[in-house]
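Each chain is listed here by its residues.
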Amino acid sequence: QQQVKQSPQSLIVQKGGISIINCAYENTAFDYFPWYQQFPGKGPALLIAIRPDVSEKKEGRFTISFNKSAKQFSLHIMDSQPGDSATYFCAASGNSGGSNYKLTFGKGTLLTVNP
Amino acid sequence: DTGVSQNPRHKITKRGQNVTFRCDPISEHNRLYWYRQTLGQGPEFLTYFQNEAQLEKSRLLSDRFSAERPKGSFSTLEIQRTEQGDSAMYLCASSRRSGGKAYGYTFGSGTRLTVV
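Chains H and E are the protein sequences, given in the same order.
Residue 66 in our numbering sits at position 66 of the first sequence, and the numbers go up by one each step.
Residue 100 in our numbering sits at position 100 of the second sequence, and the numbers go up by one each step.
Keep in mind the hints are simulated off the structure, nothing from the lab.
Quick caveat, the model's predicted, so the values are computed rather than measured.
Glycine included, each C-beta is placed from N, C-alpha and C at the ideal position.
Errors might be hidden in some of the hints.
As the list claims (entries may be wrong) - Restricting the straight-line Cα-Cα distance to at most 25 Å, the calculated cross-link-like pairs of lysine to any residue (SDA-like) are:
1. H/K102 with E/Q41
2. H/K5 with E/G40
3. E/K11 with E/S98
Said to hold, decoys possible - Here are the computed distance ranges between Cβ atoms for each label pair:
4. E/G16 with H/M78: 47 to 55 Å
5. H/I20 with E/G16: 30 to 38 Å
6. E/F74 with H/R61: 18 to 26 Å
7. H/M78 with E/E56: 32 to 40 Å
Pulled out of the complex, with its shape left as it was, chain H reads as follows (with noise of 0.2 Å):
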């Protein structure tokens, strides 16, 4: 059962476009929503997270939007550059047994950013 859903696999974007990743979760009981952006050969590295209590949050170039009622939440990359190619995973996270732990991911998407 795969608890959160990732799309596009792959995304190819100009410098300078807007990258616009998106996941949808079953459970809801997940009350964290983290996004890592992983390079080849390194682990995953936490981008930006959200809680359900905001619906949208913007650290530098990147934002999260998230929809309580639609179960759904995207990464939105504004002015895209090379140096962002890399893996992107959603996960999220749920309150159980009294803390978040355990991280439940997407199967990640691929965005190459061209110069």
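Use these hints to put chain E onto chain H, whose structure you have.
Okay, now just chain E, sitting in the frame of chain H:
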């Protein structure tokens, strides 16, 4: 503090051999997690520790897998009688638990296991 450290970075082993990986978490982090990532997939949760106590194990963690965290510091993940299906990147992460939430969830660079 240099983050979460995993050793070795790469391991090639023959089918049927035992392998052991080590993870050194960020020093003030009391929680430690193991994940497995196969090619083209997101990481999948295997198990986690709070201090030295192993609090949850995924059904992905068959009886050939064992993890320990003696003294609540570093952790080891051992795979006995390796199979080709065990080939994957094994990721360790750590975090600090405070007020019911996990903070500073940080991944290491992983150990890539290839079983031939």
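Please name the hints from earlier in the document that this structure breaks, with their numbers sorted from lowest to highest.
3, 5 and 6
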